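2 protein chains.
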Amino acid sequence: MNAAKKIMQRIETLARITDEPGRLTRTFASPAMRRANGLVAKWMRAAGMETRVDAMGNLIGHFEAKSEDGKKPSSILHPSSSPRLLLGSHLDTVRNAGKFDGPLGVMLGIACVGELRRKKTQLPFAIEVVGFADEEGVRYQSAYLGSKVLAGSFDAKELRRKDAAGIALAAAIKIFGGNPEKLKSARLDPKNLLGYLEAHIEQGPVLEGKNLAVGIVTAIAGQTRAHVTFIGHAGHAGTTPMARRQDALCAAAEFILATEKLARKTPGLVATVGQLKAEPGASNVIPGEVKLTLDLRHAKDSIRRSAHLALKKNAFQIAHRRKLKIDGEVVHETAAVACSEKLSGLLALSVRRHQKKVLRLPSGAGHDAAIMAGITPAVMLFIRCKNGISHHPNESAKAEDVRVALGVMSDFILRLAKAHE
Amino acid sequence: MNAAKKIMQRIETLARITDEPGRLTRTFASPAMRRANGLVAKWMRAAGMETRVDAMGNLIGHFEAKSEDGKKPSSILHPSSSPRLLLGSHLDTVRNAGKFDGPLGVMLGIACVGELRRKKTQLPFAIEVVGFADEEGVRYQSAYLGSKVLAGSFDAKELRRKDAAGIALAAAIKIFGGNPEKLKSARLDPKNLLGYLEAHIEQGPVLEGKNLAVGIVTAIAGQTRAHVTFIGHAGHAGTTPMARRQDALCAAAEFILATEKLARKTPGLVATVGQLKAEPGASNVIPGEVKLTLDLRHAKDSIRRSAHLALKKNAFQIAHRRKLKIDGEVVHETAAVACSEKLSGLLALSVRRHQKKVLRLPSGAGHDAAIMAGITPAVMLFIRCKNGISHHPNESAKAEDVRVALGVMSDFILRLAKAHE
Chain L
79 MNAAKKIMQR IETLARITDE PGRLTRTFAS PAMRRANGLV AKWMRAAGME TRVDAMGNLI
139 GHFEAKSEDG KKPSSILHPS SSPRLLLGSH LDTVRNAGKF DGPLGVMLGI ACVGELRRKK
199 TQLPFAIEVV GFADEEGVRY QSAYLGSKVL AGSFDAKELR RKDAAGIALA AAIKIFGGNP
259 EKLKSARLDP KNLLGYLEAH IEQGPVLEGK NLAVGIVTAI AGQTRAHVTF IGHAGHAGTT
319 PMARRQDALC AAAEFILATE KLARKTPGLV ATVGQLKAEP GASNVIPGEV KLTLDLRHAK
379 DSIRRSAHLA LKKNAFQIAH RRKLKIDGEV VHETAAVACS EKLSGLLALS VRRHQKKVLR
439 LPSGAGHDAA IMAGITPAVM LFIRCKNGIS HHPNESAKAE DVRVALGVMS DFILRLAKAH
499 E
Chain B
79 MNAAKKIMQR IETLARITDE PGRLTRTFAS PAMRRANGLV AKWMRAAGME TRVDAMGNLI
139 GHFEAKSEDG KKPSSILHPS SSPRLLLGSH LDTVRNAGKF DGPLGVMLGI ACVGELRRKK
199 TQLPFAIEVV GFADEEGVRY QSAYLGSKVL AGSFDAKELR RKDAAGIALA AAIKIFGGNP
259 EKLKSARLDP KNLLGYLEAH IEQGPVLEGK NLAVGIVTAI AGQTRAHVTF IGHAGHAGTT
319 PMARRQDALC AAAEFILATE KLARKTPGLV ATVGQLKAEP GASNVIPGEV KLTLDLRHAK
379 DSIRRSAHLA LKKNAFQIAH RRKLKIDGEV VHETAAVACS EKLSGLLALS VRRHQKKVLR
439 LPSGAGHDAA IMAGITPAVM LFIRCKNGIS HHPNESAKAE DVRVALGVMS DFILRLAKAH
499 E
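Order-wise, the sequence lines are chains L and B. Using my numbering, the first residue of the first sequence is number 79, and each one after it goes up by one. Using my numbering, the first residue of the second sequence is number 79, and each one after it goes up by one.
Please keep in mind that the hints were generated in silico from the structure rather than gathered at the bench. Certain hints may be false.
Since the list gives no way to pick one copy over another, a pair counts as held whenever it fits inside one copy or between any two copies.
Unchecked claim - Restricting the straight-line Cα-Cα distance to at most 25 Å, the calculated cross-link-like pairs of lysine-lysine (DSS-like) are:
id	residue 1	residue 2
1	Lys355	Lys369
2	Lys401	Lys120
3	Lys390	Lys355
4	Lys288	Lys401
5	Lys120	Lys378
6	Lys343	Lys401
For clarity, every value in this text was computed on a predicted model and none was experimentally measured.
Could you build the full structure based on these sequences and the hints that come with them?
Given below as structure tokens:
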């Protein structure tokens, strides 16, 4: 069986490891995650890796492609200080997830190692494949718990977070077999790291639209998430003349269209009003209050910040003109993270060997690579996904595209080896 | 104590008769409604009326101002076939209601009779004051149950309706002491009726805006209530470029503003989107589907119908342009009901005696008068309400305005008597 088909088969197998019968949901430190770690570790070992699960529950496979001195390769239990390249992605999922978001990157990493071993390729560095324990943040409403521990940016305060059942994060780590007191020791030493390559489905329609199997991520977009409330005056839908209304939903409608208009005319900007609640919410009552969410993303922080300012000003103007009150707050803000230019340049050479065109695109979604970029040069390879659908059971990628991705990644590793020598 | 103050006091007393402790809720055939009927009947008798509760639970006070032949006035139990003028409104309320919506009209009717009796005024017709058992339709989700029985437009199928506790309307009528099989006999004979005058708070801000105590209703607006659904495509807020979106909420926003614009430029039209639900409703997901309600009202059916057609066309255009699907249905439609021109003309003469200006305005809300107009000329007097607020504990009217309303109504009765002679 060829390697891409094997990856597809493993992704199907992993998709059956779930915390919820009938649909794929695999959250941090859950029973399904334990089974997934066990199975993936088996695949890692079959590819020639030694495996460990760190204090957070991240699964790491270590592959020593060549011993420095011709002796037996250093054991994972006594790792050499030789430099290493990280490959990986996450093994947790959202609720009712697709099969590819996360696992595809881990399976591709294992397959790369399998190829190196099969071809007896000697490398001047080790490879570690990481299956992060939490990227989606479903269970503790805080994303990137896995990569934050490896990158040393995990905040111990998070340990007090509780899940829906009231179990603290610290307790969940212990139950899973980890050690909440040793998270610091799980941090990877940046001076041993050559970089981090994450393969991931695009979760968008761009590659499909350009008819390309893979693309190179330029940056992981920064994000502003805000809540906006328009406060008008509820009133009887039959007895309040139009001229006397302070309709919060009409104000919100203006704001939604202004947001769309700005994003349409600003290249690379995406802006979304995803949640809207109109109160009191009766067909015969004028909406007196509307709460909505605004999600703004761009690969350049300055553009995102100007857009946010412009929309804020616009919201105030709408409220003022309509004699409404307005309230708003930024609830979440992350800066854009640029991918390593050097590694992306190398990856571009590899892509060019496998595909007619090298497309560079920003990632609108967050990824572990954004966290890993804090300690090592990070680079991402996007794989085309069907209809741009993600976080849904219909999420899908083609074996043929996975084959291209595997070829690109294997080529990249060889180029990095050459550059390293 | 003057009559207006007495009305205000009685309204306060009635407001304490409720099915829900701490707030005013008095629904059809409930224990609170029984107590309210009992108390109002006492007030009716104190004003010189004989009282009965009909088979539906409507409370009716009969006042024979003058016997045709100088003998003892005909008893309510053997009513003369002499013509009669109906005054009234409803005694039921919405949940967490204001005090004035309904009771004010009944109290004004009783006060008119009290004045006639005090002044020993002789009239060539009887007066009946009606406290309708159900106008709001809270308990059985079907409005005007009381006036429909008196007007003979009640549909016996309604008897099968069940309330939230599973009690059928027929059973509720029986428990209350009525007779679901004798509802037809409760119908008033149109040939004995001179007309129906209902006083009611405006439930809107028009009179307050014009600084007037009362106004005359030209018509009760017709209404179209529709559901509209825009069906686009949900997608990741970070990874879906603006040009590739089918955002159902942006389409809905366009429709909301188009609706507002049309209503603003069409005199007398009110149009409201009161309910809106955006799915899936996550801040980081493009809304794939939006359901909303449309409420259109106008005193002229032709204008309301053209507005509805124009908005329907507009919704289709928006959906087509944005490549969305659209679905819609009219869930409720009522024709406008014109008030009697003759009685309104008479009422205008009375208003002119008490107030600097006669303002005629349509009623955007429905009233028992719309049903009574089916069997007798109906006319309505609106009383200014504070900030246009209704269906809310803050609903309020001034004693001074109630005094004006009482003067207008008493004057109207005398004018009608003169016209009748």
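Against the structure, the hints come out as follows:
no. : hint            : result
1   : Lys355 x Lys369 : both (5 Å within a copy, 12 Å between copies)
2   : Lys401 x Lys120 : neither (65 Å within a copy, 48 Å between copies)
3   : Lys390 x Lys355 : both (19 Å within a copy, 24 Å between copies)
4   : Lys288 x Lys401 : between (46 Å within a copy, 20 Å between copies)
5   : Lys120 x Lys378 : neither (41 Å within a copy, 76 Å between copies)
6   : Lys343 x Lys401 : between (28 Å within a copy, 20 Å between copies)
Hint violations for this structure: numbers 2, 5, all remaining hints satisfied.
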